[in-house]
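Visitor: Residue strings, one per chain:
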Amino acid sequence: MKLSEIASRLGCELSGDGNVEIERVCGIDSAGAGDLTFVANPRYTSRLRTTRASAVILDSRAPALPIPTLRTSNPYLAFARAIELFYRAPAPPPGIHPTAVISSDARVGPDASVGPYCVVGPECVLGAGVVLHPHVVLYPDVTLGDAVVLHAHVVVREHCRIGNRVVVQNGAVVGGDGFGFAPVEDGTYYKIVQSGRVVLEDDVEIGANTTVDRAAVGDTVIRRGAKLDNLVQVGHGSEVGADTVIAAQAGLAGSTNLGKGVKVGGQAGFAGHLTVGDGAVFIAQSATSHDVEAGRVIGGSPGFDGALWLRAATAFPRLPDLLRRVRQLEREVERLKGSKKEPGDAK
Amino acid sequence: MKLSEIASRLGCELSGDGNVEIERVCGIDSAGAGDLTFVANPRYTSRLRTTRASAVILDSRAPALPIPTLRTSNPYLAFARAIELFYRAPAPPPGIHPTAVISSDARVGPDASVGPYCVVGPECVLGAGVVLHPHVVLYPDVTLGDAVVLHAHVVVREHCRIGNRVVVQNGAVVGGDGFGFAPVEDGTYYKIVQSGRVVLEDDVEIGANTTVDRAAVGDTVIRRGAKLDNLVQVGHGSEVGADTVIAAQAGLAGSTNLGKGVKVGGQAGFAGHLTVGDGAVFIAQSATSHDVEAGRVIGGSPGFDGALWLRAATAFPRLPDLLRRVRQLEREVERLKGSKKEPGDAK
Amino acid sequence: MKLSEIASRLGCELSGDGNVEIERVCGIDSAGAGDLTFVANPRYTSRLRTTRASAVILDSRAPALPIPTLRTSNPYLAFARAIELFYRAPAPPPGIHPTAVISSDARVGPDASVGPYCVVGPECVLGAGVVLHPHVVLYPDVTLGDAVVLHAHVVVREHCRIGNRVVVQNGAVVGGDGFGFAPVEDGTYYKIVQSGRVVLEDDVEIGANTTVDRAAVGDTVIRRGAKLDNLVQVGHGSEVGADTVIAAQAGLAGSTNLGKGVKVGGQAGFAGHLTVGDGAVFIAQSATSHDVEAGRVIGGSPGFDGALWLRAATAFPRLPDLLRRVRQLEREVERLKGSKKEPGDAK
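Residue numbers (the working numbering), protein chains in the order written: chain A, 1 to 347; chain B, 348 to 694; chain C, 695 to 1041.
These aren't lab readings, by the way, just hints derived from the structure by calculation. In this text, a Cβ means the ideal position worked out from N, Cα and C, and glycines have one as well. It is possible that some hints are incorrect.
[To be verified] Some chain C residues near chain A, calculated using beta-carbon distances under 10 Å: (1) Ala756; (2) His853; (3) Gly857; (4) Ala909; (5) Leu1023.
[Unchecked claim] SDA-like, lysine to any residue: derived pairs with alpha carbons at most 20 Å apart: (6) A:Lys260 / A:Glu293; (7) A:Lys191 / B:Thr535; (8) C:Lys885 / A:Asn41; (9) C:Lys1031 / A:Asn41.
[Stated by the list, open to error] What the simulated footprint calls covered on chain C by chain B, stretch by stretch (three residues with Cβ under 8 Å from a Cβ of chain B suffice, anywhere in the stretch; the number is not a length): (10) 748–754; (11) 825–839; (12) 937–950.
Given the sequences, and given the hints that come with them, work out the whole structure.
Guide: Shown next, in the form of structure tokens:
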């Protein structure tokens, strides 16, 4: 595809030779002749001096370059759309595979694709254009909106509700039993039936092998557009706000309420029964056990103000040296006190 | 159902109007007319002043309330049992689905339910009333006790033994190969065949996508009544004591021995080859690499006494300030020493 | 089997009675008559004084023992091979199960075993002696080398390449979509099509429920002989070097480059876009966000030099006491300063 055509399709400003033929989209370090690459982070602009790429997508305000460029206010988004010009993910054809076991009480929308060995329980409803990859299991009374994609080995448990255009990666479990047990006097635990449901609103993405639990009563909710990475745990009765992003292996204990546009780093943890305001940011491996106000940045375990945490963490390696210095100070102060004492001073 | 009947079924003491009609059980914040709610934690009693619930389960010793109450010594347990009065989880009917592949050498007990696409290997034994949800795979020589429930996509590997009334949530892997490799002189690793087995005793619950590994030799054992949350890792040759509770994403390296009634917080880690006494408590994200005595509380990474950890963690944000103060002290002590020196002093 | 025969098969030096009959291989604590046990770690040699094992494998340089011994320079490796003399893991027979759904465009090598309910997509290639346990799903255009073993419920996504003798434990997801989203001006995220692939080189092992993601462009690569434990996350575009070992629940964000022979402890995290040199070691729960030189040991979150971290972590519990001592010093220095001042001094 000619670079000029790509510029036109992506709505980018072209400078340089628009007749360059582009064959694929590529990362900056591996790009060669025929490749279109991109720079979203100005830190990496210097690498463009040595790239062998045929063209580059970059920010409108970036300095001029000797190779052809496509300029835009959002280079990362243009890169995402450029990939789509050259690559189409394999998609199973519409239709119900003969091996799928679909309850006679279920309803399947038009143009849905139900793959081999899927199991769809009674009272399930599948919207238009839903794709169930092989081995998806829907327990009874699950509703999927339009254009939902559930990858192979996904399970959705009873009563759960999934909105439109939701994507769930392989092996994720939506609606497993919440971890609810009532302690009994003899030291054992009594399992609490989990009668609640999980609700995934429109445009949510759930990562591979991530688990989102149902609660004893009430809903666990992931709001519109939230994105969860792999191996994330969402405890029963939690709520994740719209456009909130949770990196891999982070965990929310029960009844954690995250606001909109929150960013959670990898392996971070929330103790549950707490509320986080919109736009808060949690550094990887941080731990939060209290409410957090909107817009705050939190680091550390237990977590506190991110900027202060960074200073404390930087000081931490000096702790052994600090101990030594304080001992030294104590000796010197003792000596100074001693030298002040006159004969006859009471101790 | 009338409140008086609920009181009678749960063995609670009723005060107020027993003729109130209850339609469901509900959390305190979302409860409305027709709802029965509960307060187990005295911290939340104040919320009862504004609840619109029709009735509430609470502690025998709680103060009087203007709405009908059911009183009991264990409100959380009564709540659990109240849910069961109004909700029954969907359960597959007994019988073997025609698509299940069951080895002719396997034995299936009475009233078992084996769902679509289950695979049961040779020499497996399934007790009475076992429920295998769709897509459960049992490798050869697996024994399941009575009333075991394995949810969709559970795998139980060769030789494993599962007791009565065990529940395993979706995607959990019971008996995957332990992470055992012998280092070879050339820097590569030689895989050690894992010939051991996993034993889950009666009344154990295993969370979604949790992994419990088999060992090279000997058993990995989860004792009676222990409850493991989602995404937990139990390394080869470990033992988890009776009624021990492990929160999500915690991990036990190989040969970790936890006693009875231990409580492990989320994302906590154990380095393996260690023993923990009964009733010990591990704060979320703590890390333990040594033996821990019974009843101890451990926090931090690496972990130590929980109360001391809490004080140290509280002091941690003050570390940058502490460094500054020590520098200041050093300057002042230097000045004090200087002012003491007489001309002619040897340094 | 006679001990003398075991000695001969393992290439160990026998001392003591070679006619002892050995029935199984066993851990040192549970060994009894007829058992062969081993000691690889000299720390445990003392336990041999009380063992009831009939024979023991140990280091060539270990002191003499009253029981028969097999001596070798690598006792752990000899132990691994000894297990194989007594135990053979159940393996499904070659052949394609009638319920497997295999695309007519796929090629299956000689002696392959494809279990019940496997799904093999178009253009897949399976090498000789491949074993697919039940419910394995291969998306289109997956290539598996010879003697690959994929356990039940493994998924390999489109275009991925798997070398020879690779073992993937149950529930692992090879090639799930990388967590790539372009932020849009309105606060939402635009999903970036992940067109890359995952490459697992020869002799790699992937643990249960571990996830290795595909990237938007380019490869995610696990090099020859690397071993990943359970519930590990490998982000898109990362590279794991040959013979590198990653313990359970560790996580690599996108574009993490680990060298050869690196050792990563459990629950450790890497922030991505960084490079780690050969042979580096990461202590459990450490967090790394910068490049690390070859051979370094890193501890802590955020991570730094492991030896210094150990001293800092040891000092950490003394932080509250340190605060108290600095306050005390400040008071004393204030007093000393006061006692120096003469009447009339300007402050």
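Visitor: Look at each hint and say if it fits the structure.
Guide: Outcome of the hint check:
A cut of 10 Å between beta carbons decides the hint on alanine 756 (chain C): the least distance to chain A is about 37 Å, and the hint is violated. Look at histidine 853 (chain C): its Cβ gets to within about 9 Å of chain A, closer than 10 Å, so that hint holds up. Using the Cβ-Cβ criterion of 10 Å, the hint placing glycine 857 (chain C) at the interface with chain A is not satisfied: the shortest such distance is roughly 21 Å. Annotation: alanine 909 (chain C) was flagged as interfacial toward chain A, and the flag holds, the nearest CB pair being 8 Å apart, inside 10 Å.
For leucine 1023 (chain C), the interface hint holds, since its Cβ comes within 10 Å of a Cβ in chain A; the closest pair sits about 6 Å apart. About 12 Å separates the Cα atoms of lysine 260 (chain A) and glutamate 293 (chain A), which keeps this hinted pair within 20 Å; it holds. Taken as a hint, the lysine 191 (chain A) and threonine 535 (chain B) pair is broken in the structure, with Cα atoms around 46 Å apart against an allowance of 20 Å. Distance check on the hinted pair: lysine 885 (chain C) and asparagine 41 (chain A) sit about 18 Å apart at the alpha-carbon level, within 20 Å; holds.
For the given pair, lysine 1031 (chain C) sits about 54 Å from asparagine 41 (chain A) by alpha-carbon distance, which is inconsistent with the 20 Å threshold. Three residues within the 8 Å Cβ limit are the bar, and the region 748–754 of chain C against chain B gives 0, so the coverage statement is violated. Counting residues of the region 825–839 of chain C whose beta carbon lies closer than 8 Å to any beta carbon of chain B gives 3, which meets the minimum of three for the stated coverage. Coverage of a stretch by a chain is defined here by at least three residues with a beta carbon nearer than 8 Å to that chain's beta carbons; for the region 937–950 of chain C and chain B the count is 5, and the condition holds.
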